[in-house]
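S.K.: Spelled out from the first residue to the last, the chains are:
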Amino acid sequence: MVKVKNKKRNLAETTAKKRDQSKKKSLNAFEVHINKEKHKVLGRKNKADRGLPGVARAKAINKRKNTLLHEYKVKDKSNTFVDRRIGEKNSSMTQEDKVMARFAAEKMKAHKKKNIFNLNDEELLTHRGQTLAEIEKYDDPRSDDDEYSDEENKTGKLDKDFVSEAHFGGGLLSKSDSSMSRKDLIEQLIAESKKRKAEKQKVREQTLDLTDKLDSEWKDLLPIVNASKKRVEEPYEKTKVDDYDIALRELKFEARGTPSDRLKSEEEIAKEEKEKLETLEADRLARMKGSAGNADNASKHKSADDLDDGFVVEDINEEALTYGEDGVVNGISKKKDDENLEDNNENKSVEESESRESSEDENTMPEDLINDLAHVQTLEEKLKTDTELVPNNGNQIQHKSKDPYDNIPVLKISDDNEVTKAKVNKHQRISDDADLLKKNDNRAATSTKISKSPITAESSGNGVEDKSSESDIESEAEENSDDNDSDEDNLSDLKMDESSSEEDTPLLMKNVKFSTNVTQKVMPYSKPTSTPLKSILKTVNNESSKVEKLSAEERTALIIADLLKRKEMMEKAREELPYTYAAPESIEELQKLLQHQNADYQSVIVERIIKCNHQSLAESNKEKLAKLFAYLLQHVNECMMNAEDRDIGNSFQIFDRLCPHLYDLTHALPGNAKTCIQEIMKEKHDTFELHQKKYPDLDTLILFKLVSLLFPTSDYRHPVVTPAIVFMSQILTRCRVRSRSDISKGLFICTLVLEYTLLSKRFSPSVINFLRGVIHMSTPKPSVQVIKTIPPFKCIGELSNLLVVDTDQTKIKINPESNLMLATDLNENEIDDNFRIRTFVTAVNLVSEFKTQLEELDAAYPIFEPIIKLLSMNKMSNYPENVKQRVRCILKDLNTLKNKKLEYITREKKKPKALRLYEPRIETVYDGRRHKPMSKEKAEREKLLHKYKREVKGAIREVRRDTAFLAKVQIKQQIKSDQDRKRKVKEIFGDAALQQGELNKIKRSK
Amino acid sequence: MAVPGVCLPQKNTSRVLRQKAEEFLASRKYANNLVDIIGQWEESNTSCILTLEMIFIEVLKRGNMYQEQSISLTISGKFKYLIVRTKKEPSPESRYISWLRNCYEEVWGKLLQSIEGCRPAIQLQALSTALKLMAEEGKMPLEPTDNLGYYFPLHRLKPILMKLLSPDNENTNLIARFQEIAAYPDALYFTWKSLPALTPKKQPNDTYISNLLELIDKMPLPKDGHGEKDEEWKLLCGPQQEEGNNFVSWDQFGTRKALNKVWACVMHWELGVQVHKKLLVVLLERVIHHLDKPILLTDFLMDSLDIDGPIGMLALQGVFLLVTKHNLDYPNIFTKLYSMFEPEIFHTKYKARLFYLSDLFLSSTHLPEALVAAFAKRLARLTLVAPPEDILIILLFVGNLLLRHPGLKRMIDHPEGGEVKGSSGDDPFLMEERDPLLSNALMTSLWEIRALQWHTMPGVAAAARFIRDPLPSVEYDMAAALERTGGHIFERELKSKVKEIMLTFERPTSMALPKGERLLQYWQLTTIH
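So the sequence lines, in the order shown, correspond to chains A and B.
Per our numbering, residue 1 is the first one in the first sequence, and the count goes up by one each step.
Per our numbering, residue 1007 is the first one in the second sequence, and the count goes up by one each step.
A couple of the hints might just be wrong.
Derived list of chain A stretches under chain B, where covered just means 3 residues or more per stretch with a C-beta under 8 Å from a C-beta of chain B [to be verified]:
1) 629-637
2) 712-721
3) 748-758
4) 781-792
5) 840-852
6) 856-869
Everything labelled a hint here was simulated from the structure, so no lab data went into it.
Keep in mind that this is a model prediction, so the values were computed, not measured.
We treat Cβ as the ideally placed atom computed from N, Cα and C, and that holds for glycine.
Using the sequences and the hints given, assemble the complete structure.
M.R.: Here you go:
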């Protein structure tokens, strides 16, 4: 049924449509204009083959009527009338529809504003024109009661008697005195009523005025009343003051930070710091790779249209489009970051002990190093905060469960923390500026202590009974020194940790400086660490190697004594020296300042000069600092040049102390530092070129050390570092080796090159050659055979046997792991057996370091082959037993290189080249018209010009039609008004004629 | 030379001397001034020599010493003078002339003496004065000559040459000065002419040989068929007017003969190391093209070849010349060359020559691949011990070898890849093997060059990357690299411009690096207070 109905309806519709269409289609043939076609093209549909001029004209006229005519009508009228009534212009709406629509809109508007859950007040209830809500506020205290106190005045109308008399009094008849007429009576009545109203009004205004006056006066009185009240209350409140209340108030009224600059928590600060370091490290890695890395995996940019190898485009973009702050392409580094992040996550999940182990392995994996260190630090900080919150054993138990090794140290830490914290608190209360920084420092310092202690526990877990918490620096130092003796890996690791703790010490010391005598009490406990400790450690090592009988207690005592001494020294220096210094204007001035001071004093002086002349203080300070940097370099230079045998350690000490300041100055003015150092290096190189076979003096060598401190040595190419490396390799290849100082200097440079290339793992043939030469020198040669070596060294003759130990030295005490060359070696010329052995061991140690650095190279075995041969030839019969063992161990290590599997070099397979797909070449077809051959741009321009011309023509035509239309309108108006006039004139004439006719008729009738 | 302190008096004396000379030249009244000037020889050498030079050039120009001669049999001036004195009644005029000549001879004697043993500056001055006087004498002879128009004072040249070829001093500077007159064909010709007579048959000492070689090295010898009639050549001693010039035109044959004669003597001498080297250099660069029978050198070169180092290398070049130009057959030449590539070469002055030579030797594309591969591999091995500037040369060289011999591509792009087969997995190349063909070089890859990509020097590391990229279509140009020294690299690195100076980001508190400190691990530098 439904279907049928539908069908029916559809049918009806279609028929209706058809009817419409047929109606439209039936065009008058005369109305159609057919555009003639010159050539018929098959299959082309021409839209413009026929036109309906009539229809088109009507359309155009209609359009003009709606637009142009409208505009014409309102031409000189400034205000417009906009009809916003709904449906007013819509002709299809009936009047009823319009009304309905308007009503609906009104309702809608009312609805829209309403709260949908409010069912009650559909409409606002009003009273006297005010909404009830407004009235309920009682803003105006005047109530009706005041106004209408008496009955009769309540309504403000005439009183009852009067009205009853006047209206209903029985009329005139009942009244005796009818002297007044009714009219008078009514008038009297009106006047009466008016008068009463006016009176009422007046009274009301008066009361209002009085109320206002009273209000204002009351307000004036108010404070006095309040004050008296308070005075009564005050003593009462005073007794009530309580810590809790104060705290509460403080909390309540504390200035609240806006969300944007919220204080960062320690974790966040640490994290930021870590991230910063990570990005810097990533940058460094990128620079280390130089263009090599880029060339490796980033192919050149290709456009998207390029079809050569379309399938890799996305990959490249992802990497190539990341840029660092300095515009360096960061693609690789970013990747690295990701990896780091991953590492981090892993680390977090892994036990702490493991992360420590990994940090031990860091020597070989510099990328992860910083990451792990930072990670360890954060962990430790976390730990620290924990201990702060709950300074009892609960936390430690937790750690115990984590790591058995941590057990002891953590115990110690907590104790230590409590002690230091107490001190710190005291300190804080006394010192006025108890800032957060200080706390941080202390915390950091303790945290580094934490980082140290596990190792000590690890290594000496078996034999350390020292669990007391007296003052753990002593025990630590002791343990450390033990470590140094026993195990080298731990030594290096320890160094790492120490270096991390070094960063904190100066800050700590700064704090100490500001405080008063209390800090001096604190001092022995608030361990100054690292730098002094380190150097002391070394001496201890050295001494211990020589004088092993020195008992542990004595050693610790020595350390403490040294530490205290140093501390006092610094303190004394700080107190004794004046606080401000002018920047020196010449090198002489600087030298006058520094001349007779020891290293620590010099350091303090320089520090103060820098502080007094900080860049931010004055514009000219930049220049002063630049000069200061140059002078300091010169000062160091001269110290080194003048260094005699006795003095040499002192010179190094001075350099040691000045390093941080040089670093600061470099960071303040990098460009200046670069040019300064470059110039000095050039000067040194020039003097070296003059005496090519002679080893340069210490001042040159120390410059290399300085370079490694100030500039990143791992960069692929660096304006300062690369020349330094070139220079060093030149020294090593050219200079003749004849004396103790020559050998020492050579080894010094070798060590420096090792330091330079530690991160980048670069290969420097000259160093290997030099080490080979030194080992060659210390190898006793068989008389028949000549063992070859590389030229600065001699294959035969006395110089080739300089380092051979002839006499039996097996009794000599030398520790092959911690063997240290001495500063004095750099100056002396005589060679003794002790030196021979030390040199040999150092050379072999260096070889092993270089081996770990270069073992990944394919050609590693050929590189070390001659050294291996020399070492295996050496019987070492005169060397001490431990040295022998050490060398054999290293030799064994070197021999593993031989077993390395070599793979043939192959080039990367190139991707098959895709066929080039060209765009179809479209040729213009001859179409009868002659096309001028022209360039693409010109053709484009021509096309545009043509189009423009046509448009202009069309526009002109339109304008013409517009004017015609307007003219037509005007003429129509004119005609219409003329016709009106004529009609009116005719009418008037007609009227006049009629009148005249009538007049004539009257005249005639007369 | 004038030391600043004595400058003033010397200036004074030179002024006095000049004044005296002018007086002397102005009038005969002051004839004795000449004696005074000569008398001051010892005190102020340079100015005295200069003054005398001025005087005698003027005198020669004026022809004041010229003597009409009835007896023309005499050869030397001195004899003539004696004869003249005995034969004729000396007029005052002739007495003056003879006195003047006497002085002239005395000055010559002193000049020659000065050339021999004085301070270098005076030596040079004396030599140049002698040369000038000789030239002047050639233009204005003291006596009428039989050869009208041209006269060369051979008797002056010979003593000069003898002084130059002194067996006592190395006269490099003097010979360099003497070289100036070698631009004049007549002087050159007569020098060559007189050389054979000055070359002793028996063994002279090394200094003499070295001087002689230096002289031969400096005296140019025009190529055959060239320079015979060169219009632009000016004569040292030719008379001023051109038409009278009938100097026997350049005698190429004669000169060559003289050279051959000299060399025949030289070949028989025994030589020290330095002189041997020098001799080979001179031989190769100057002499060998002019020898009549270079084949005769074979024995000499073969002996030299057995000496290690630069001598062997130079000899090798000679042998190579003989092989290529004179049909000598010497099959071991490549083995010899191969054995020269030892680490020591980087410290010799001749390494550039060696590289140049071996580039030349191996330029043929028809050499066996195994041989060239051995060279490439050995060179690559050497880069592991070479200084950076040499590594750059070697890399270019190896690159060229790879270019010339496409078969060597397997050393940088092995067709199969994979691990090296063999017992130990070690590099199959035999560094100790003397024969390049047996060194297994084709079975290895150039791992050394890959290792160089990690060289500390960025330039080297970049250059070593060539094995990764497709080889270029033209050979690398080694010439520029051969000239480079370590100093250049240093300076270039200093000049390299960067936008930003990178700094370390961890503040040290002492000499020690915040991380990765190594120096203080091995060195105890500071003392404790």
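S.K.: For each hint, tell me whether it holds in the structure or not.
M.R.: Hints and how they fare:
no. : hint    : result
1   : 629-637 : violated (count 0)
2   : 712-721 : holds (count 7)
3   : 748-758 : holds (count 9)
4   : 781-792 : holds (count 4)
5   : 840-852 : holds (count 4)
6   : 856-869 : holds (count 7)
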